[in-house]
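Please take these sequences and the hints and turn them into a complete structure.
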Amino acid sequence: MIRPIRVLSLYEGFFAGGARILHTDLIAGLHSGADQQHSVLSIASAARRESSIQYLHADPRYVRLTAAGVGVTTLGRIGGVDALDPSTFTERQLRIAANAVRRADVILSLKEQPLGLLLALRERGLMPDIPVAACLHRSDPEHSGPALAWLNEAATTGLVTAEISCARSTSAAYAPFLPPTTARFVIANGIDTDRFRPGTALENAQTRTQFGIPATAPVVVFAARFDAMKDPGLFLRSAALFSQQRPDTHFLVCGAGMTLENEAFRALLHESGISDATHLHALGIRDDMPSIYRIADIVALTSAFGEASPLCLLEGAASGATPVTTDVGDAAVSVQDIGFVTPADPAVIAATWRDVLSRRHDLRGRSLGARARFGRQRMITEYADVVDALLERNRVAA
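Using UniProt numbering, the letters of the sequence shown correspond one by one to residues 1 to 398.
Please keep in mind that the hints were generated in silico from the structure rather than gathered at the bench. For clarity, every value in this text was computed on a predicted model and none was experimentally measured. It cannot be assumed that every hint is accurate.
[What the hints assert, rightly or not] Now the in silico label distances, taken between C-beta atoms and shown as ranges:
(1) GLY233 / PRO4: 39 to 49 Å
(2) ARG103 / ASP388: 12 to 22 Å
(3) ALA98 / GLN244: 52 to 62 Å
(4) THR90 / ARG168: 51 to 61 Å
Even for Gly, the Cβ is constructed at its ideal location relative to N, Cα and C.
Pasting the structure below:
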């Protein structure tokens, strides 16, 4: 193909979350080359999630893509926790979607939720015969609701021709729901190590001053949305216990719904034993995560299920923090040789944090020494190769 390959990504919507951060970074990287031209179709223009309303035009992922010349079209729907059923799309919305799809050579669906739109297009005879890959980012497909059935139907009938998993745990979890004819790939997550890097003394001093954190105070960062999957209660119980042992520690909690404006979050603080003496900063959604990770001694993850290849562990480690995580998805693989895996026990988690702080210099060196393995270029190259392979496979089948 002489002209660039035209790749359309389907987003359920633009809102805070690791999969959107990852996929946005991916297509920005691919679009910057000469071989592929990317665009995005977002079903929703706003989403109600984690006790907040998040608007497409204010989302950093949207801003980044449009600034890079990636065209973004939206159907104008309002998204929520549940994916939009194929029967709910209007004729006008389907015409907009059909126009976007018609201009693509390959479609990448960010997770399985947007596949309902493609099923609706096919039902009306508006879906062309082009490769469609579902990019999967969880290790618990049963929590996908009706979207799992849409994935199974789309793959069984040949609408979805491939799945790209971000972790081995993801690929294994979805395998029972995909027919043998579906091409399957595992491409591990990568991050921009130019953004996520250790800070200078001046940068770190400025960030600590911003949050009122003394120069020598330990810092634990928890970057997760307010969701049962992330088990914020386990983190808060661990923080309450640890603050009794190390009252000088500051805990920075970031993510959608992680704010005192969220009544459910306030209730969980009380239930977890967090006192006024605990230095807990409920920061909500942040656009300055690189700066926050740079002052972290520990990046914590307490998820109960669903994780695949958590970005926070990679981003924190690349910045010099030591990752401490529960055993979910490929987290143990991600932190091998640089971090720690714990059971879902606040006492054990607090004890592990204490051990990390006692060996901070050595463990920081391990994290920084592993930066090369976290880079995004390998991921971008592998995705480019998969897109080429899907096009070639489609030509052979034709």
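Okay, the hints, checked on the actual structure:
About 48 Å separates the C-beta atoms of GLY233 and PRO4, a value consistent with the hinted range of 39 to 49 Å. Distance hint check: the CB atoms of ARG103 and ASP388 are about 19 Å apart, consistent with the given range 12 to 22 Å. Judged by the Cβ atoms, the range 52 to 62 Å given for ALA98 and GLN244 holds: they are separated by roughly 60 Å. Taken as a hint, the range 51 to 61 Å is violated for the pair THR90 and ARG168, whose Cβ atoms sit roughly 40 Å apart.
Against the hints set out earlier in the document, a violation occurs for number 4 only.
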